[in-house]
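*Asks:* Sequence:
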Amino acid sequence: MNSQPKASHMPDAPIMMPMQTDAAAQQMLIEQVRRLSDSVDRFNATMSNVQQQLARMEAENRHTIERRDRNEARLTKVEDRVDSLETWRSEQRGERSTWGRILNHPISMAILGSIFGALVAIKGVLMK
Numbered sequence: 001m002n003s004q005p006k007a008s009h010m011p012d013a014p015i016m017m018p019m020q021t022d023a024a025a026q027q028m029l030i031e032q033v034r035r036l037s038d039s040v041d042r043f044n045a046t047m048s049n050v051q052q053q054l055a056r057m058e059a060e061n062r063h064t065i066e067r068r069d070r071n072e073a074r075l076t077k078v079e080d081r082v083d084s085l086e087t088w089r090s091e092q093r094g095e096r097s098t099w100g101r102i103l104n105h106p107i108s109m110a111i112l113g114s115i116f117g118a119l120v121a122i123k124g125v126l127m128k
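The sequence shown begins at 1 in the working numbering and counts up by one.
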């Protein structure tokens with residue numbers, strides 16, 4: 001008499017994964033931590049590279065801004081010098097001087113013409 005039930009009468013039992021031993025679970029966790037640590041190291045290296053690039057870019061930007069400021073200061077000096085030279089040239093031509101403005105005015109021209117005409121007439125009368 002067989003006391004064990006027959007295999008054909010046994011209900012289907014779910015297939016169970018073999019239980020991991022504590023050592024195997026610990027080894028799996030260690031491997032996951034190692035992979036995570038490697039990922040963190042790669043991330044930190046990438047961040048370090050990005051920070052170095054940003055520092056270089058900031059230095060280049062600072063240098064560019066300083067150069068632009070120097071160029072703008074030079075340009076301002078040149079523009080001021082050009083303005084003073086143009087003013088001087090205009091004054092030499094009589095365009096901006098007080099006398100130049102007075103003498104070039106139409107009323108002044110009429111007055112001067114009248115005076116000149118009167119002088120010519122007086123000279124003509126005296127010559128006779």
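Hint data in this document are derived by calculation from the structure and do not stem from the laboratory. Note that beta-carbon positions come from the ideal geometry of N, C-alpha and C, so glycine has one too. The reader is advised that the hints may include incorrect statements.
Claimed, not checked - Simulated restraints, written as ranges between beta carbons of each label pair: (1) TRP88 - GLY124: 40 to 48 Å; (2) TRP99 - THR76: 51 to 59 Å; (3) ALA55 - LEU75: 38 to 46 Å; (4) ARG56 - THR76: 37 to 45 Å; (5) LEU119 - ARG74: 52 to 60 Å; (6) VAL50 - LEU75: 50 to 58 Å.
*Asks:* Take the hints in turn and mark each one as holding or not.
*Replies:* Now the hints, each set against the structure:
no. : hint                       : result
1   : TRP88 - GLY124: 40 to 48 Å : holds (42 Å)
2   : TRP99 - THR76: 51 to 59 Å  : violated (32 Å)
3   : ALA55 - LEU75: 38 to 46 Å  : violated (30 Å)
4   : ARG56 - THR76: 37 to 45 Å  : violated (30 Å)
5   : LEU119 - ARG74: 52 to 60 Å : holds (55 Å)
6   : VAL50 - LEU75: 50 to 58 Å  : violated (36 Å)
Hints 2, 3, 4, 6 from the earlier list are contradicted by this structure; the remaining hints agree with it.
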